[in-house]
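Protein chains in written order, with this note's numbering: chain U, 1 to 316; chain V, 317 to 632.
Since the hints were derived computationally from the structure, they do not count as laboratory data.
Note that the structure is predicted; figures quoted are calculated from it, not measured.
Treat the hints with caution; some may be incorrect.
[Claimed, not checked] Below are the BS3-like pairs computed for lysine-lysine, each with C-alpha atoms no more than 27 angstroms apart in a straight line: (1) U:K261 x U:K27; (2) V:K620 x U:K304; (3) V:K559 x U:K226; (4) U:K162 x V:K550; (5) U:K214 x V:K441; (6) V:K630 x U:K64; (7) V:K441 x U:K234; (8) V:K318 x V:K423; (9) V:K441 x V:K416; (10) V:K620 x V:K391; (11) V:K542 x U:K243; (12) U:K162 x V:K530; (13) V:K416 x U:K121; (14) V:K368 x V:K318; (15) U:K121 x V:K437; (16) U:K304 x V:K478; (17) V:K437 x U:K234; (18) U:K234 x V:K542; (19) V:K441 x V:K406; (20) U:K75 x U:K90; (21) V:K437 x U:K314; (22) U:K304 x V:K630; (23) U:K243 x V:K437; (24) U:K125 x V:K530; (25) V:K559 x U:K234; (26) V:K380 x V:K391; (27) U:K107 x U:K121; (28) U:K214 x V:K550; (29) U:K314 x V:K577; (30) V:K398 x V:K441; (31) U:K314 x V:K478; (32) U:K243 x V:K530; (33) V:K530 x U:K314; (34) U:K162 x V:K630; (35) U:K226 x V:K423; (36) V:K530 x V:K550.
[Unchecked claim] Calculated Cβ distances over 12 angstroms to all of chain V for the following chain U residues: (37) E188; (38) D219; (39) R240.
Each residue gets a CB set at the ideal place from its N, CA and C atoms; glycine is no exception.
2 protein chains.
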Amino acid sequence: MKTRVTDLLNIQYPIIQAGMVWTSGWKLASAVSNCGGLGLIGAGSMKPDLLKEHIQKCKAATDKPFGVNIPLLRKDAEDLVKASLEMGIKIFFTSAGNPKTFSSLLKENGCIVVHVVANLKYGMKAQEAGCDAVVGEGVEAGGHNGADQITTLCLIPQLVDKLNIPVIAAGGIVDGRGILAALSLGAEGVQIGTRFAATVESSCHQNFKDEIVKSGDQDTVLAFRKIGLVRMIKNDFAFRAMKAESEGWNETQLRELLATKRERIGIFEGDLIEGELEAGQGVGLINDIPTVNELLDRLLNELKIAKERLETIKPG
Amino acid sequence: MKTRVTDLLNIQYPIIQAGMVWTSGWKLASAVSNCGGLGLIGAGSMKPDLLKEHIQKCKAATDKPFGVNIPLLRKDAEDLVKASLEMGIKIFFTSAGNPKTFSSLLKENGCIVVHVVANLKYGMKAQEAGCDAVVGEGVEAGGHNGADQITTLCLIPQLVDKLNIPVIAAGGIVDGRGILAALSLGAEGVQIGTRFAATVESSCHQNFKDEIVKSGDQDTVLAFRKIGLVRMIKNDFAFRAMKAESEGWNETQLRELLATKRERIGIFEGDLIEGELEAGQGVGLINDIPTVNELLDRLLNELKIAKERLETIKPG
Numbered sequence: 001m002k003t004r005v006t007d008l009l010n011i012q013y014p015i016i017q018a019g020m021v022w023t024s025g026w027k028l029a030s031a032v033s034n035c036g037g038l039g040l041i042g043a044g045s046m047k048p049d050l051l052k053e054h055i056q057k058c059k060a061a062t063d064k065p066f067g068v069n070i071p072l073l074r075k076d077a078e079d080l081v082k083a084s085l086e087m088g089i090k091i092f093f094t095s096a097g098n099p100k101t102f103s104s105l106l107k108e109n110g111c112i113v114v115h116v117v118a119n120l121k122y123g124m125k126a127q128e129a130g131c132d133a134v135v136g137e138g139v140e141a142g143g144h145n146g147a148d149q150i151t152t153l154c155l156i157p158q159l160v161d162k163l164n165i166p167v168i169a170a171g172g173i174v175d176g177r178g179i180l181a182a183l184s185l186g187a188e189g190v191q192i193g194t195r196f197a198a199t200v201e202s203s204c205h206q207n208f209k210d211e212i213v214k215s216g217d218q219d220t221v222l223a224f225r226k227i228g229l230v231r232m233i234k235n236d237f238a239f240r241a242m243k244a245e246s247e248g249w250n251e252t253q254l255r256e257l258l259a260t261k262r263e264r265i266g267i268f269e270g271d272l273i274e275g276e277l278e279a280g281q282g283v284g285l286i287n288d289i290p291t292v293n294e295l296l297d298r299l300l301n302e303l304k305i306a307k308e309r310l311e312t313i314k315p316g
Numbered sequence: 317m318k319t320r321v322t323d324l325l326n327i328q329y330p331i332i333q334a335g336m337v338w339t340s341g342w343k344l345a346s347a348v349s350n351c352g353g354l355g356l357i358g359a360g361s362m363k364p365d366l367l368k369e370h371i372q373k374c375k376a377a378t379d380k381p382f383g384v385n386i387p388l389l390r391k392d393a394e395d396l397v398k399a400s401l402e403m404g405i406k407i408f409f410t411s412a413g414n415p416k417t418f419s420s421l422l423k424e425n426g427c428i429v430v431h432v433v434a435n436l437k438y439g440m441k442a443q444e445a446g447c448d449a450v451v452g453e454g455v456e457a458g459g460h461n462g463a464d465q466i467t468t469l470c471l472i473p474q475l476v477d478k479l480n481i482p483v484i485a486a487g488g489i490v491d492g493r494g495i496l497a498a499l500s501l502g503a504e505g506v507q508i509g510t511r512f513a514a515t516v517e518s519s520c521h522q523n524f525k526d527e528i529v530k531s532g533d534q535d536t537v538l539a540f541r542k543i544g545l546v547r548m549i550k551n552d553f554a555f556r557a558m559k560a561e562s563e564g565w566n567e568t569q570l571r572e573l574l575a576t577k578r579e580r581i582g583i584f585e586g587d588l589i590e591g592e593l594e595a596g597q598g599v600g601l602i603n604d605i606p607t608v609n610e611l612l613d614r615l616l617n618e619l620k621i622a623k624e625r626l627e628t629i630k631p632g
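Based on the sequences and whatever the hints tell you, model everything.
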């Protein structure tokens, strides 16, 4: 398969594994890259030294391109960027912040920079900042989301119409039909998160993987609008958050409820009651925990079948 | 084009114009049907006598199939159903209620019944009730939405996997790329609302049409979670609703704020400050007010172009 995204990243398939806290370490990233996609080490839950260790191990496990995802709202984002540069990383996916902060530094170092955006305005800003591509992430995505709650279906065509750089679609893409839909909208690649979280190679807790498999179409929710919108699985903690919002709690109260380390507790330690179980709305379409290799084969096969089915519906 | 939906409804293209309050009368419905899609008269803003008049005029304006959309939460839903049957209507789209209420009556009268659903559970119920197809409506859609806020991208494949009856995709579909994406997900037809509201033939106020054209990707919002989720354009009234929700107003207070006739005031009378401007999230992709004929030609052309583009990305 060939798009500007496969050319840019030098990968075989336009399938990118999203950087996910406590989930996408070197094992997952190298497995995806070895299968012809792009693996991303999720630096959002790592200190610089741990990130370096993961990069080192990923290099040992694959000779294919891989990258890092760095959330720019991290106070030590600069340290994470520098650690990655030191280790020779050439592909940076940045999110949750101003793409301009590091784009010059990264471009001077010959890196590819892709920024994650949730609306058209930030897409334009990413392009102006010199990014090579954007990930357009719809509100279907797990974890942090844009306040506007724009869905993948509405977001992608608008980015494609207004930007010159290629658009990668993210949010709610979990199978070959979703990939074909994203390409239909004009995307030149897809970024897939939660589906890769429920694989053998991901580093999240087995309880969390099992919870993704068990969850259905109605089982994720958006919460914490006032302090940063998050999509998560409806567990005990999520219901508390929903109730708090419904009662009009203020920012301070919500921050107290959220407390700290909820992501770690849920995703990495497997506490299904107190943890924040960040997952995408597509969980209802995830029914097993395959290896990355099995998953990639399946995605490509599903894509082929979906495309053949389209052929049977003649155009107007 | 041929799918189970075109066969079922005896239409040339699997494109259905959504029933919309104060918007889809006989002029819009007959224009869509005359162009080879399916026009629906939106009974949600009509009393039985007015509905009869619209059906009469629609019959005079087209010899192609057309139908009615009846929201089952209307207290006089039965009267609307009976009025339609009296006038010889054979295609019923029902929404916002239990599909079982009228499905036996309608099937006994040889009618085609399609029910609008926003999650898998209600999709299964519609199938059990004997419906011939479902519209899977994602939270992108304008107006009333399911509480789960499931997007079109996530909803459609799950309905397709679990139901035997055909699935029509709705919510966020405004151009040929969106139609191709919906078909990629397994839908056998699409229902398009807001894009048809901004046509010459729709009966909503010119101010409302202009507002749709002006609106961008961030310009709709979901509100009134506690008393029935609605998507509308962010106008003065919408900002008041957002503030009320954020402050945790209770159901009684919210009902007072909502008051009555907001839809009529906004959509039909064109009051952009006090009205509830129900529109889908795809407004950002709507930039003009064509005739239905121009729009249908354009949709089919865009679909063709999008499909040709897909061909250039080889499957895996």
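* Please work out if U:K121 and V:K437 have their alpha carbons no farther apart than 27 angstroms. => violated, 37 angstroms
| Does V:K530 lie within 27 angstroms of U:K125 when you go C-alpha to C-alpha? | holds, 21 angstroms
query = Are the Cα atoms of U:K304 and V:K630 separated by 27 angstroms or less?
reply = Cα-Cα ~9 angstroms, so holds.
Holds or violated: V:K441 to V:K416, with C-alpha atoms at most 27 angstroms apart: Judged against 27 angstroms, a Cα distance of about 8 angstroms means the pair holds.
Straight-line alpha-carbon gap V:K620 to U:K304, limit 27 angstroms: holds, 19 angstroms
- prompt: Does the structure keep V:K542 and U:K243 at a Cα separation of 27 angstroms or less?
  reply: Cα-Cα ~12 angstroms, so holds.
Q.
Given the hinted pair V:K530 and V:K550, is their Cα-Cα distance within 27 angstroms?
A. holds, 12 angstroms
| task | Could you grab the alpha-carbon distance between V:K441 and V:K406 and see if it respects the 27 angstroms cut-off? | result | Given pair V:K441, V:K406 holds - Cα atoms ~22 angstroms apart, limit 27 angstroms.
Subject >> Given pair status - U:K314, V:K530, alpha carbons within 27 angstroms >> reply: Roughly 34 angstroms between the alpha carbons, so the hint for V:K530 and U:K314 is violated.
| message | Between the alpha carbons of U:K75 and U:K90, is the straight-line distance 27 angstroms or under? | response | holds, 22 angstroms
Q. Regarding the pair V:K559 and U:K226, is the alpha-carbon distance no greater than 27 angstroms?
A. Holds, at about 11 angstroms.
Mind verifying the non-interface call on U:R240? Its CB should be farther than 12 angstroms from each CB in chain V. holds, 15 angstroms
In terms of the numbered hints stated before, the structure departs from hints 10, 13, 14, 15, 21, 26, 28, 29, 32, 33, 35, 37 and 38, listed from lowest to highest.
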